[in-house]
Amino acid sequence: MADYVLVAGAWLGSSAWDEVVPSLRAAGHGAHPLTLSGLAEKRGVPAGQQTHVQDIVDEVEGRDLRDVVLVGHSYAGIPVGQAAERIGERLTRVVFVDSEVPVDGESFASGFWQGQAAFEAMLADDGFWPQPGAAEFDGQGLTDEQVTRLLEGATPHPGATLTEPAVLTGALGDLPATYLKCLLDGPEPNDAVAKLLTSERWRLVTMATGHWPMFSQPTELARLLLAEGA
Numbered sequence: 003m004a005d006y007v008l009v010a011g012a013w014l015g016s017s018a019w020d021e022v023v024p025s026l027r028a029a030g031h032g033a034h035p036l037t038l039s040g041l042a043e044k045r046g047v048p049a050g051q052q053t054h055v056q057d058i059v060d061e062v063e064g065r066d067l068r069d070v071v072l073v074g075h076s077y078a079g080i081p082v083g084q085a086a087e088r089i090g091e092r093l094t095r096v097v098f099v100d101s102e103v104p105v106d107g108e109s110f111a112s113g114f115w116q117g118q119a120a121f122e123a124m125l126a127d128d129g130f131w132p133q134p135g136a137a138e139f140d141g142q143g144l145t146d147e148q149v150t151r152l153l154e155g156a157t158p159h160p161g162a163t164l165t166e167p168a169v170l171t172g173a174l175g176d177l178p179a180t181y182l183k184c185l186l187d188g189p190e191p192n193d194a195v196a197k198l199l200t201s202e203r204w205r206l207v208t209m210a211t212g213h214w215p216m217f218s219q220p221t222e223l224a225r226l227l228l229a230e231g232a
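Position in the sequence shown counted from 1, then plus 2, gives you our numbering.
Misleading hints may appear alongside valid ones.
As the list claims (entries may be wrong) - Per label pair, the in silico range of CB-to-CB distance:
1) GLY129 <-> ALA29: 21 to 31 Å
2) ASP69 <-> GLN116: 32 to 42 Å
3) GLU138 <-> GLY117: 14 to 24 Å
4) ASP69 <-> ARG205: 17 to 27 Å
5) GLY107 <-> LEU153: 11 to 21 Å
6) ARG68 <-> GLN116: 33 to 43 Å
7) PHE114 <-> GLY135: 13 to 23 Å
Hints in this document: simulated from the structure, not taken from any laboratory. Since the model is a prediction, treat every value here as computed from it, not as a measurement. The beta-carbon is built from N, C-alpha and C at its ideal position, and this holds for glycine as well.
I would like the entire structure built from these sequences, with the hints used as guidance.
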């Protein structure tokens, strides 16, 4: 039996995984969707990026989980990748779901396609990244109902988690990892991911959907997670 720790990306909490968790548990595995500090029901809790890393480590160690499959979606790939280093022999595999990956000394904002200054300009006066409007999800394989559910669970994202640098002590390519690329969000992984995929410990799988597969194709996502965690 594996224990899946599921961490959604920016703006989202544990409810993002509501349609994925039942399939994992029905297959006999543990499934632990996690809300990071400052988001959803934890809104108001101060958070930087290392807070999010510790949230994940605490979930694993506090529950004494073994044979852990850490799953990080979008932004959450950055703290998940760091946490994977820190849980040691508890880790079975990391699955990055159409996500960013941590680069030592770099942040989510520094890897933003328009540059860090452009990203920081999008933060509100209170330092949070406002949740997007419905139009941002066009072309991502989502029904109107799925977009509504996604937005109902979204809250502004604490900006410090996006601008603080990652801290890695080893080579991310040495971890057992799967990168799951969602093809409607672009057919090719970014350069940092492409480099990691040259490692014999990393593998690439794809889904014919957009950037939020836990909403658009939850059954298929669960099937792939079960296959990768085996």
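Handout entry: Numbers of unmet hints, in rising order
Key = Those not satisfied are hints 1, 5.
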